[in-house]
Amino acid sequence: MPLNILFVDDEPHILQGLKRSFRGQRKEWNMSFALGGAEALQLTDDMHFDAVISDMRMPEVDGAAVLKAVRDKSPDTVRVVLSGYSEMENEIQREAYSHRYLKKPCSSTEIKKALAELLPISDH
Amino acid sequence: MLNQTQGVMPPLSSAAGEAEDCRLDESLPPDLGKKRPLWVNALLTTAIAGMLAMAVIFWTVSYVFKQSFADQIIHESQGAMAVLEVASYYATVKGDKKILEAVTEALLEATPEISSIEVTFHDKHILKRGKGGRESGDAGLVTQRDLMSYGLPVGVGTIRWNPGALDQLHAKSVGELEGLVIALMVVLGGLITAMFYRLAVKPVNGIYSALATRSRTTLRELVNSPSREVSKIAFAVKRLLRAQDALEAAGQEDKVVGAMLSMSTPEQTVSEYLEAALHEVLEHVPWLGGKEKRGAIFLADERENLTLVAAANLGSVISTSCSRVAKGHCLCGKAVDSASILFADHVDERFDTRLENIEDHGQYSVPISKNGKVLGLLLVYVPLGHEASDREMSFLQRATAALALAIEQKHYEEELRSTSHQLHEANEQVEASHRQVMQAEKLSSIGQLAAGIAHEINTPVQFVGDNTRFLDEAFTDLSELIDGYEEILKVANTKDVSKELIDKVREISEEIELDYLVEEIPSAISQSIEGVERISTIVQSMKEFSHPGCVDMAPCDINKGISSTINVSRNEWKYCATLSTEFEQNLPLVPCFAGELNQVILNIIVNAAHAIGDRVDSDKGELGNIHITTRVRDEHVEISIKDTGGGVPEAIRTKVFDPFFTTKEVGKGTGQGLAIAHSVITQKHKGKLHLEVEEGVGTTFVISLPLAQEVAQSTHVQIELEPETETA
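Residue numbers (numbering that gives the first Met the number 0), protein chains in the order written: chain X, 0 to 123; chain B, 0 to 727.
Bound conformation, chain B alone (with noise of 0.2 angstroms):
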């Protein structure tokens, strides 16, 4: 039944279309106003007819009396000629003319239809008299007739008639019947036009102030108008705008359901929003009657029991005791129990929980449900006594619709936000062990170098001091010899030099070996200040090399890096292979942080030494080489790397900057050391790292840095900005 009646409701769109057809409504035809009213159609359509009507009717009747008028005259005329006639016998019989004159004179005065009487006797006598004006020959109507005395013929009498005379009678004879016929013509035509009116005018004009006032009153006495046709239009009218009244209010409910689904923002709680969405129900569906629209709306749990989470004017009873309702409980708890709509137009039995002072009312009760699931319950109040209708149901379960859309919609905004949260620590930590085990290699590189940096430390520490003590001992032998020198020198001004004395110095310079002495000491010293000069120069490239606290990049000279990366490599390259540099002289700085770079240069210096030192094993003897070069390419510095190493393989010369890839023994390698190294240059410094490989005799590392980074851009945009701050 509420699928049906969903299917008639219309979409959402049609509520546009809707108030379409109302603009056509109030834009009333512009040439209204030269139009007749309906009142004035009839009348007009009745006085025509009645004209009509009048003329066939003056025509029939003219053309009746016009014949009855021709009798007349005729049987006057008979009348007339038989007077004619006795006048005639006196005037031939009795020679007597007087009494045919004074009867025809009688005759003209009596008639005044007759213009001229002619009496034409045998004896060629005429006697011809006639009114005057009027006796012309062009006389309409004649009679004629001969005159008898006696059985014969004594002469001829002829009467003209006036043309007119026929009119004249007949205007004599009809004027008081027009009258007549145009006095009922009038009251006929008002007749007419006043049930007319009260038929079809008043109906029709009726109807029309019903639809424009949507007067219910009106249209129920049209509904009981005696006319068939009238009764049936307003029933239809009453039908239609009883739909356009649920038009309107589906058209509402639409906007409310729309309303609910579109007002979710991102920021809002469940709660808040289903506060808000019970609100705009509450405010804005029209039948919810009442002062206090009330109403709420639960969210229910795994078992399907409801907590109460937004509620409206429920007041604290029964917003407390209705708090958390248990599935069955109530006509709530039942509503989520039967996942149906459940309606009361008052308190009754179903209400478990009965609260004391609660005014009774009528409620709907609607399960908030998706794919089966219960989600929740919206509440709504009605009036006591409220009649359910499917509409309603059908509203309900749109905005109960909407509401699982929004919960669902909820739940996957905090599943998502604590997956984005859970992302965000996950990738918190990836980066902290990331920073980990770079620190990790880098410690480790230097570890690894530790004992190579001591052993170039402690090599001249070690020759430095046997200098020093030697000459500390030298000194002291030379002392012993000063003095001998010395002893002689007192006793030279005397010229009496002992041969004893000669003796005893000569024996203490060879007893201190001089010669030796004089030939060792500078050397000796020589190799002393070599020896603390390479200590200086190592601790100085591992201070260089370590670079430590260069949180930003810096510009860098990068033959400068190289070189010390080099000086605290030597020890793991040297007793394999010889290490040679060809440095472009005037490289300009490179923007980098130069700790790490030097890093990933140690670690292709390592791999190199590796690969060499395998090498020269199996070939006794022969040293390798590693050749490091650099130069300017294309706005890039570019760094290669060559070794004599044999070269890596096809099959893993992919993978070796894979992370955790190594050839090497375990405990020997992480396999770390490359793919930081991709990582430095690729991400770090927007830079390339590749590989050339010469199959058979050795692998070319290239680094490709650019001199220009975004750093150095953005500073630059910063400069064009500055203008524009200062004239604003």
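The shape of chain X in the complex, shown without the other chains (with noise of 0.2 angstroms):
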């Protein structure tokens, strides 16, 4: 059964490059995009994720207040931050929100060994 993997970024240009960059994670991977905080909240309501990847920094609705709603909906869920900012996140912020704080820019085989090395994790 593919994992069900939602990107959340508000670059429409980068879900596409994620898009593209995981074509060949598409029989493992069920991938959804949300452009922006707002319709990840949205696609998290209807469905069950394995992993979110989200930016950090969107308008009205940012990557904290999406990663936080995900931890309450589904603990379960590998929340990862994918962040274009090169500082040092609030590491308490980073420790509740995300289990892997990620810098963009980050290659795709990064991104999957860090998922690779979360999901088993979240899989209890």
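Keep in mind the hints are simulated off the structure, nothing from the lab.
Incorrect hints may have been included.
Taking lysine to any residue pairs in the SDA-like style, the calculated list, with each CA pair at most 20 angstroms apart, reads [said to hold, decoys possible]:
id: 1; chain 1: X; residue 1: Lys26; chain 2: B; residue 2: Ala453
id: 2; chain 1: X; residue 1: Lys102; chain 2: B; residue 2: Ala453
id: 3; chain 1: B; residue 1: Lys654; chain 2: B; residue 2: Leu690
id: 4; chain 1: X; residue 1: Lys112; chain 2: B; residue 2: Gly464
id: 5; chain 1: B; residue 1: Lys237; chain 2: B; residue 2: Thr216
id: 6; chain 1: B; residue 1: Lys573; chain 2: X; residue 2: Pro58
Examples of chain X residues lying across from chain B (beta carbon under 7 angstroms, computed) [unchecked claim]:
id: 7; residue: Asn3
id: 8; residue: Pro11
id: 9; residue: His12
id: 10; residue: Ile13
id: 11; residue: Arg19
id: 12; residue: Lys103
id: 13; residue: Ser107
id: 14; residue: Glu109
On a predicted model such as this, the values are computed, not experimentally measured, just so you know.
Just so it is clear, CB atoms sit at the ideal spot from N, CA and C, and this is done for glycine as well.
Assembly of the complex is requested from the two constituent chains, each provided in isolation within its own frame, with the hints serving as guidance.
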């Protein structure tokens, strides 16, 4: 059964790029793409995701809000931050909202590797 | 005593008045040559008086003589009448008239004054005799008498006298007397003149020459003159001359004091000035006698101990032994201690340090003090046995007052110099720290931007990377498909294309999702190109924004600068606002410091974004707007940045440009941004920065930059000057 993975970003080019670069996973992953936090909240309401990979800084509903909502709704979902900011986010916030913090630019291999490491943890 | 003397001393300006008096003395009255000398006047006076005296004498004498001559004539007439009576007796009684005739003739002969004699008898006989030519009836003086004989009158005798008879008589008797009187008068007149000359003319001339030549000897003689008035005048003149000498000396001393006051220049050090002042005193004060005029000036320290600063002709021994003089030691130290002028006419017991081989001398030790504080001491040598005078003391007091002023001035100058040095240093520090603040502000804004810029760059890098990887994979997939097509091509000619091969290729095509690839590849390529362009733009904007190494003003494209600033700050505003621009397309180049101007615009944009951000957060979801316009207005370029951040509250509107004023949380704003912006615009660009507030709506910051800067004007002047330099 393919994994449900949700990508969240306010930049459509990023989502399209991710979609293209994970084309190789199309058999293992069932990928969803949310343009912005609001759309992500809607999608997470509708279905369960095994992993959510979200940008942090977005207008209106930001990444932190999305990840917080996901944590509340489905604690078993793996939460990964994929942020364009180079500075370190607040440690506690990071711990609270995400399991992994990835910085853009981040290759699909790295993301895959991170998810591979994280997904078994959330399996139990 | 000294104060009194000082009171009498004329002020500095009196020297001019004195000079004027001298000029009056020198310019004698123009008609002096026409004036008679005193002795001539004396002679004339004597002569006139003598002549008057003589006239009186002569008149008196002749009057007296005339009376006596008349008596004489009467007397003579009596005698003649008696003779005529006797002769008449003979003529009438004896009838002999010859005797009468003879007597008449004899009388005429003997007395020349008689002009005629007439005898008239009763018998009408008349005898008349007279001198030739004179017997006319105009006789001046006539004597007449009855001629008696035996007691009876026989006739009348008439004698007529010459009119000048009296005069002749007078002349005859006075002639000798006149000569005597004149001689007497001449002698007397001479004597009077001589006396007058000796007693009046000579002393007057003496006084004149004494005044003119200032001969003390002449005056001394005149004072001893026997005449009281001359003696008094001479004494007065002597005093006058002495006073004048004192005045002249005082004038000279005033000049010295004046020179001492005016000779100080800001370049001189204290000791240089004191050297010059000492030289001035010794050179120009006449009573500081001796061939080698000696003296020194000391400066006092806090404990009023003296240090030799300037010395003249003192010799190495004294200069060394007196290089430091303790308070109360020697005449100089004692003068400081008593804070008064000390004088010695020889080296006496007050001199604690006695040096061998130093010739005896007198000296004045004069403390230099101001407001009761001893600043130093003036030492001047005077000849042995010199008599001190109030005037000298007064001069020395004024000289030291001048020195005190100058020393104090020097102290102030030095203080001022050191203060100004400190000020200069402080100013440099302030400038340096200002530069540091500017740099720090720039760095902080760049640092602040860095995160945003990194995001702006990382985003395209992310998707360009993803797309490239996708294209890489897609190409691999397509290669597989192309291989399949190649195989089909190889066998296509044989028209023996197996179904398996076609199915295999179709399978590959489906496997690799060819439709998707065909659709996605161009999009991936174009998005990658766009991403690279975005990176390139932001890098270019960063370069343009920071404008490093721009020391001078240079003509800049303001629109481009603003665009760059918008690009680098995009991440600061894009989550809370849209940004629109309205640029004047034909905006001329504006002379400016591009880096700093961009900094200012960035600051205002970021402030606007923060202001909007505060409101948007609460409103949820809505975006504000930042609107930037540029336009030309009256030789200025106007940049206005309008936001919808609600406006600056009235109460803090005047403070927004103050340094360290901030409404942001601690750590979020330094309060330097707008202060620096204001300084950059008004001071560095000579422009204006102000804000317009629409309460509850937003704020518009308006920057106005002059199109022509002073730099441009000075270049213009230089160009104008060029022809001149060529002709020169």
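Going through the hints against the structure:
| no. | hint | in the structure |
| --- | --- | --- |
| 1 | X:Lys26 <-> B:Ala453 | 34 angstroms, violated |
| 2 | X:Lys102 <-> B:Ala453 | 11 angstroms, holds |
| 3 | B:Lys654 <-> B:Leu690 | 12 angstroms, holds |
| 4 | X:Lys112 <-> B:Gly464 | 17 angstroms, holds |
| 5 | B:Lys237 <-> B:Thr216 | 11 angstroms, holds |
| 6 | B:Lys573 <-> X:Pro58 | 8 angstroms, holds |
| 7 | Asn3 | 20 angstroms, violated |
| 8 | Pro11 | 9 angstroms, violated |
| 9 | His12 | 4 angstroms, holds |
| 10 | Ile13 | 5 angstroms, holds |
| 11 | Arg19 | 3 angstroms, holds |
| 12 | Lys103 | 4 angstroms, holds |
| 13 | Ser107 | 6 angstroms, holds |
| 14 | Glu109 | 11 angstroms, violated |
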